[in-house]
Structures are given as C-alpha cells and as structure tokens.
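**Q** Protein chains in written order, with the working numbering: chain A, 80 to 343; chain B, 36 to 133.
For the record, the hints were derived by calculation from the structure and aren't laboratory data. Every value quoted in this text rests on a predicted model; they were computed, and no experiment measured them. Hints may contain errors.
Only some residues are given here: those of chain B computed to face chain A with a beta carbon under 10 Å [as the list claims (entries may be wrong)]:
1) Glu49
2) Asp52
3) Pro53
4) Phe58
5) Val65
6) Asn69
7) Ala73
8) Asp74
9) Tyr96
10) Leu98
The following residues of chain B were derived to be distant from chain A, with all beta-carbon distances above 12 Å [to be verified]:
11) Ala44
12) Asp54
13) Leu55
14) Pro60
15) Gln70
16) Gly81
17) Glu86
18) Gln91
19) Gly93
20) Ser99
21) Thr112
22) Glu122
Ideal placement from N, C-alpha and C gives every residue a C-beta, glycine not left out.
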Amino acid sequence: MTDPTVRLSIVALGVRSDLIGSAAAVEELAGPFADLMDEPSRDAEALPHTTIAVPDGPDPLQVLAELTQGIVERSPLLICHAGLVIGAAGSIAIPAPSGTGKSTLTIALVRAGFRYATDEAIGFAPAGQPVHALRRPVSVAGDVWSLVLADQADPPAAEAEKLIRISAIGSLASPVVARIDQVIIPRRTSLARTPRLVRASAGVTASALLHRSFNHFRNPAASLQTVLSIARGAECWYADYSDATELAALLAERFDQPAAAAAR
Amino acid sequence: MIGIPQLAAGVVVEELDPDLCLFRPDIDEVVLLNQTAADVVRLVDGASPVETITKQLGTVYQLSAADIEPEVRQVLTDLRDRGYLVETSQTPSTNSGA
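For reference, chain A alone in the conformation it holds in the complex:
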C-alpha cells in the first residue's frame, strides 16, 4: 500500500470510520460505498473512531465486514441485528439472526416501496431518543438475486455474492428515525403457503431484540430497559412466510398505505 489517503469517511451508529488506502484501492470502493460516504462534521471528531486499511485490489465484502465489525464494537448504542425500513405508516424493525433471510426480506420490502434504513443493524439509545440504522451496501448472493432482483442486470454467480447500492434499486431513508412503530419477527417456513401476520406479545418482542443484540452484556440492566421501551411502544408481529416478495407485498398493504398512517 502506498500513499495512504483518507478517502472514505463514514459516521454511523455513533462511530466515525475512516477507510484508508491508496487512491486506486479506495476508488474501487467508491461505487458500492457511495451511499455511505460522508464528510464527518467536527462533532464526529469526538466519536469513537475506527480506521480500516484498504488493501490494493480490495475485496469489498471483506472491507464491509471489517467496517461493520468496527462500528458494532465501538458504538455506544445498544446494537441489534435487525433490518429497518420506513413506510407511510412508520418504521418497521426486523430482528433476525444471520442466514434467516433478513437481508432478502429487506430488499423485497425496498422493492415493494419501503425506504431502506438498514438490513444489518439498528442502534438503540435509551428510551425516548432517536434510533440509528447502520446504512451500508447490501450483499446479495446469486440465489437471493434471482428471488428479489431478477429484473436487474448483471447478477452474481449462484454461489457468489455481490455488493449493491440500495439507491440503485430503491429509496434510502434517513439513518436516524424517531421511533420504531412495528417490530416484525420473521418465521420463514415452507408451511406458510400465504404470508400471514400473527400478533406477538411485547415480552416476546423484547426477548427477540435482546437475543439479537450484539452488545447487551456491556450494561445488561440498561439494555433490558431499552428493549422493553421499544417493545412497549411498538406493535409487534410474527410474520410466517415462505416467499419474501409475498410477505413484502402484505407488509406494504398493511403498513405502507396512507390510510395505515392516518389510523395510527
């Protein structure tokens, strides 16, 4: 690596991250990371800071993984593994572990008209304060691409993954939202011929958020109060589905209509 130069600076979840490397190496990331690029304000100087060295011929997926890990480790917020989209009737959080289709569902929701906040992590401050989403490029595997992005050109190979800018396939929301209005706990099952929503209790929802948290162990008592506040303030649902696109259509009908917003 020669002539390291800070080219991409990102402020997310209360963490400032600088990606540094040669101009050529960092330039390769400019496409997929463009939605993240930011000019950190002076305020950001005081934030926890992480620096990620970008090697020549960077693997964007590796850089994204390191960036996400650096942010999650340093964020002062309670970080939960969850997607977040914004519709006409408010925000929808989708807590779920890796490999269960969370990103697929998030992409399907964006394609159904919701605005993207994150498909990876939400940062919760103590009760009553805004919620922060980890906006990032989305990694899409070839098999997922065929499900939710089949009309898009240049898919990856079936076993490969590709980073895409969300702004290329849908709308971006602000990464800071006032509150969580709906919590959807996805339950993908081949038994669900048509998607359906089943009310979930606040207790189940608080438990789901806590189980999906990366860093609740730092302050368990405060973390519990944070997830309890979210669960008490939101409508909570199980979503049984087998097809992410069909579930996205149901959620759009239910939570992305002006009438739904007016009813709240």
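Here the structure of chain A is known, so what remains is to put chain B in place on it, guided by the hints.
**A** Showing chain B alone in chain A's frame:
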C-alpha cells in the same frame, strides 16, 4: 415449593401485559414469563400461601384448584430454584395481622 412464596430481594419485575419479565441484577439474568406463569407470579405477595394462589388462579381460569395446583407449584418451584423467589417463614395467620 410448599411455603409462602415472595420475590427475592433485588428482583426487578417488568410488566409486559400479558407477559411478565423478571430481572436479576446480581447475575444479569432475564426471565420472560408467558401469561400463565405471569399470572401465577402476579399473585405472589409474600403473604399468600400456594393454596391461596392456586384458588385465586382457579377462579380466574375457571378451573378447579386441584387441576392446576401441580403446575402452579412447578412454576413457583422453578423460580425459587433459579433465585427469583424465596419462601418466607410466615404463616397466613401471622401475616394477616390478626
């Protein structure tokens, strides 16, 4: 559990209607109770013996006390063993102030 159950010192109770969340700050452990178990714990007041709790719960659920007593005892015993409840040495008559 055969005595009079009461919440252990320090246990934090969070209402999540209809569920109930119990938190032990000393070990940073959370227990989420479903509605049935929560209804049992809501009747734990440090004065009522298991028999009274069972009778009250039976009235609410329209079930005989004999039918539900084993499950009530199971919930209370489990929570006692996990440190969320303790048994008091009080008897109903001494606690009533009579």
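**Q** Hint by hint, which ones does this structure get wrong, listed from lowest number up?
**A** 8, 9, 10, 12, 13, 14, 15
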